[in-house]
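Working from the sequences, and respecting the hints, build out all of it.
What follows is each chain in one-letter form.
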Amino acid sequence: MKTEAIPFESLEKEMEKINEAKKNPESFEYLYETYYECIFRFIYKRIDDENLVEDMTSQVFFNAMTKLNKYTFKGVPFSAWLYKIALNELNMYFRKKSSIRIIDIDAINTPVLFEDVNETNNEENIEKLMIAMLNLRKPDADILELRYFEQLSFKEIAEIYSITENNAKVKVYRAIETLKHEFQLK
Amino acid sequence: MKPIFKRNRIRLSSEEINSKQDFIKLLNRYKSWQFIRKTMQYSAGGFIILALVALLLNNKEKTKVKLIKSDFTTHPSTSAISRPLKGIDVPFTNYIINSQDKSTLYFQSGSRIEIPKNAFVDSLGKVVKGEVEIKYREFRDVADIIASGIPMEYDTLNQSYFFQSAGMIQLEAVKDNSKLKLKKGSKININYVSNYSDTDYNQYMLDTISGKWTCIGKDKTIAFENNKKKKNKTIIEAEIQEQPVITEPIKPRVAGNKQSFRIVVDSTEFPEMFSFNSMLFENDESYRQYDHRDDNVIWDDASIKKSDLKGMYFVKFSKGVRKTEYRAYPVFKGEDYKKAIKQYNKLFEVYSKKIAEIEKNREQERIRFEKIKREEYLDKQTETNMTAAKYSAQMDNVYNLTYRAFQVETLGICNIDKVLLERDQITNNIKIEFPDTITPNVVYFLMKGRNMVVSVYPQNGLYISSKLKYVDQMIIGITTDNKLFEITDKMIDSASKIGEIKHIKPIILNQEIVSIDQIKDLINGTKLYKGSPSSLKANIKPSMFERDIVVQVYDQKNYVLNIKDSKGKIVHSSTFSEKVFDYDLRFLKSGNYTLQISSVEDKKTAVFKVTKLSSI
Numbered sequence: 001m002k003t004e005a006i007p008f009e010s011l012e013k014e015m016e017k018i019n020e021a022k023k024n025p026e027s028f029e030y031l032y033e034t035y036y037e038c039i040f041r042f043i044y045k046r047i048d049d050e051n052l053v054e055d056m057t058s059q060v061f062f063n064a065m066t067k068l069n070k071y072t073f074k075g076v077p078f079s080a081w082l083y084k085i086a087l088n089e090l091n092m093y094f095r096k097k098s099s100i101r102i103i104d105i106d107a108i109n110t111p112v113l114f115e116d117v118n119e120t121n122n123e124e125n126i127e128k129l130m131i132a133m134l135n136l137r138k139p140d141a142d143i144l145e146l147r148y149f150e151q152l153s154f155k156e157i158a159e160i161y162s163i164t165e166n167n168a169k170v171k172v173y174r175a176i177e178t179l180k181h182e183f184q185l186k
Numbered sequence: 001m002k003p004i005f006k007r008n009r010i011r012l013s014s015e016e017i018n019s020k021q022d023f024i025k026l027l028n029r030y031k032s033w034q035f036i037r038k039t040m041q042y043s044a045g046g047f048i049i050l051a052l053v054a055l056l057l058n059n060k061e062k063t064k065v066k067l068i069k070s071d072f073t074t075h076p077s078t079s080a081i082s083r084p085l086k087g088i089d090v091p092f093t094n095y096i097i098n099s100q101d102k103s104t105l106y107f108q109s110g111s112r113i114e115i116p117k118n119a120f121v122d123s124l125g126k127v128v129k130g131e132v133e134i135k136y137r138e139f140r141d142v143a144d145i146i147a148s149g150i151p152m153e154y155d156t157l158n159q160s161y162f163f164q165s166a167g168m169i170q171l172e173a174v175k176d177n178s179k180l181k182l183k184k185g186s187k188i189n190i191n192y193v194s195n196y197s198d199t200d201y202n203q204y205m206l207d208t209i210s211g212k213w214t215c216i217g218k219d220k221t222i223a224f225e226n227n228k229k230k231k232n233k234t235i236i237e238a239e240i241q242e243q244p245v246i247t248e249p250i251k252p253r254v255a256g257n258k259q260s261f262r263i264v265v266d267s268t269e270f271p272e273m274f275s276f277n278s279m280l281f282e283n284d285e286s287y288r289q290y291d292h293r294d295d296n297v298i299w300d301d302a303s304i305k306k307s308d309l310k311g312m313y314f315v316k317f318s319k320g321v322r323k324t325e326y327r328a329y330p331v332f333k334g335e336d337y338k339k340a341i342k343q344y345n346k347l348f349e350v351y352s353k354k355i356a357e358i359e360k361n362r363e364q365e366r367i368r369f370e371k372i373k374r375e376e377y378l379d380k381q382t383e384t385n386m387t388a389a390k391y392s393a394q395m396d397n398v399y400n401l402t403y404r405a406f407q408v409e410t411l412g413i414c415n416i417d418k419v420l421l422e423r424d425q426i427t428n429n430i431k432i433e434f435p436d437t438i439t440p441n442v443v444y445f446l447m448k449g450r451n452m453v454v455s456v457y458p459q460n461g462l463y464i465s466s467k468l469k470y471v472d473q474m475i476i477g478i479t480t481d482n483k484l485f486e487i488t489d490k491m492i493d494s495a496s497k498i499g500e501i502k503h504i505k506p507i508i509l510n511q512e513i514v515s516i517d518q519i520k521d522l523i524n525g526t527k528l529y530k531g532s533p534s535s536l537k538a539n540i541k542p543s544m545f546e547r548d549i550v551v552q553v554y555d556q557k558n559y560v561l562n563i564k565d566s567k568g569k570i571v572h573s574s575t576f577s578e579k580v581f582d583y584d585l586r587f588l589k590s591g592n593y594t595l596q597i598s599s600v601e602d603k604k605t606a607v608f609k610v611t612k613l614s615s616i
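Protein chains in written order, with the numbering used here: chain X, 1 to 186; chain U, 1 to 616.
Don't read these hints as lab results, they were simulated from the structure.
Treat the numbers as computed from the prediction; the structure is a model and nothing was measured.
Treat each hint with caution, since some may be false.
To be verified - No more than 20 Å apart at the CA atoms, straight line, and that leaves these computed lysine to aspartate or glutamate pairs for EDC-like:
#  : chain 1 : residue 1 : chain 2 : residue 2
1  : U       : K25       : X       : E26
2  : U       : K339      : U       : E349
3  : U       : K6        : X       : D104
4  : U       : K604      : U       : D555
5  : U       : K31       : X       : D55
6  : X       : K169      : U       : E578
7  : U       : K6        : X       : E127
8  : X       : K155      : U       : E578
9  : U       : K448      : U       : D517
10 : X       : K17       : U       : D22
11 : U       : K20       : X       : E54
12 : U       : K25       : X       : E50
13 : U       : K569      : U       : D489
14 : U       : K6        : X       : D48
15 : U       : K20       : X       : D55
And the structure:
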């Protein structure tokens, strides 16, 4: 799992770049280039259409640019805010288009997830995991994806959902508990 | 819809992903958005700063549409339209158009209207020419409807119904302070961006004197994404076509006494000259004095090239390595000069005609070019407006934007509605009595999600049905001294017996009402009772998890959160000391609740209404 500690220097530099971009939109390029790939991958794990993913990624950065003045630094990488926008875009898309969301099972950090649900990481359990995930409520599945797909810290998840870090932990653990329960039913 | 699992998907490399980056495109899109945003913003004084279209068309003389200002002193009250709050109304957006041209107007909401040319007549029925002021406003939600004072009751077959509105607009045209009418046969197309996409709405026009609505037909819904005009016009098509090069003939000169030389000229190469054998080239001494050492040289080669000066040529001679150059002009002697002048006059006449023709073509091309550029601009603007409106809607969590397309053949107030409730279904069996301290002027029964406003003037007592159980319902009112109040569901629920007289104490919002936003805040529950001096500054919003509520306070203190059901019974109590607190609502049954946050230290409280729609 990704370390919770984020080097202060990189955050400080990022904050400088954000402040620059607030004054001059052309400076947003640094943030765009830095996070384009991770936002693209984030969406690509959930949508099976490369062109659509490209459009949506572009929309995420456009939304970020238009709302940048409202962005406040909360001690987590800028990407957390972008994930939040991306998640909004995805939710909106699935709600509006009634499209089918995909879960890229290969992208899950299964060893850690199985460790957390006290199960063995093997092919049989991966099959069971798929069925269990299907039975989860969307918010639970979303938060597990953030934790185990994106390997985000609790602090970053908290930022995405506008909740406290403790609440983020509680939500993740609740989702894991539900997943465990689903596992036991299989 | 359940997700599906995918395994062994194509793995994209970093290079493949990053090759899709296009920051320039993003930046351009942002700049367009920023420009539209800035031009659409209201300034503090209520005026829109920029003459949007005039600026963008980049041609002051040709400007056909000009956004002038947003008008806050709006529709005069009539016997049918009576604004309940003094000085508060839905503002008009005003454009100046040239009535002799077709105009397309764009609005902040994303809506647009298309006005045909020569569409307006004055009170004598005479077609109006020149500039006309177009006043347009939209009533997008229940707060706008309340503020406007427009009646939403529809009488038909001796029965009174209330409208739920998918969109209501008012469109007026004014010239020299006189209201204009739409010419018979002229139709204005309106593409209204609506949050309601159902197709079972009708189109109604209001008689502002009698207050009667007349059904005039149905509108058409158009999916938001598909409304873009798709045109294949390109800049290439629009570029001014290359015109043939016409050379002005040179007026012949009479040969003087300066040094001259004879050169045979190819008239196809120099059509401005005359291929007379007697034509000489006379040296321009201002460029170079003639060198008499050149007199007896038999040159191997000679060439002529136009100089920058009209009618002047560079004449080059060469023999082996020796070269010389003069600047010279053609001259004629004797009878040849007369012939040359005669020919010149003929050529010049032809030349003048051709030039006039070219100028005419060029002007036509320029007009065509500007028209295409303008159409391209308008298309782009439509797209940008739609993007901005979509974005804005996304921010407001509105997902079902639709264009509702309709035509009006008369100016005034037009409503896209369907009837929902009869008056008897709302004002029926329970008499509500107010305390002596509150004199209600008007009471509104609202259904927020359906854009429905039922106005009740309780001079002879307020009667409410005990059967009101709509999830999105709300009852608010305005006192005779311009204050907003709310009658909560709890007050109604407890009065269940038919014929019972219920004495209630409405909750008064202790603020002077100075803007529509305050009505919106009350209705949306975002700043309810915040103005109370003892209140606590707090806010709530649904979390991204549908089952949670995020409570936000602004001071780091200890707080108590109490949740009461519609009967006032505390169903949950907890403490927290963080500025942002996430509360899980899963255990609550569906229904209406009051969420009360109190600070332990100074006993200040904030109260919010929460509706849980279903058990999750």
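Status of each hint after checking the structure:
1. U:K25 with X:E26: 12 Å, holds
2. U:K339 with U:E349: 16 Å, holds
3. U:K6 with X:D104: Holds, because 5 Å separates the two Cα atoms, which is no more than 20 Å.
4. U:K604 with U:D555: 12 Å, holds
5. U:K31 with X:D55: 18 Å, holds
6. X:K169 with U:E578: 15 Å, holds
7. U:K6 with X:E127: Holds, at about 12 Å.
8. X:K155 with U:E578: 15 Å, holds
9. U:K448 with U:D517: 15 Å, holds
10. X:K17 with U:D22: Given that 20 Å is the threshold and the Cα spacing comes to 19 Å, the pair holds.
11. U:K20 with X:E54: Distance ~7 Å between K20 of chain U and E54 of chain X Cα, so the pair holds.
12. U:K25 with X:E50: Given pair K25 of chain U, E50 of chain X holds - Cα atoms ~18 Å apart, limit 20 Å.
13. U:K569 with U:D489: Status holds; Cα separation ~14 Å.
14. U:K6 with X:D48: 9 Å, holds
15. U:K20 with X:D55: 10 Å, holds
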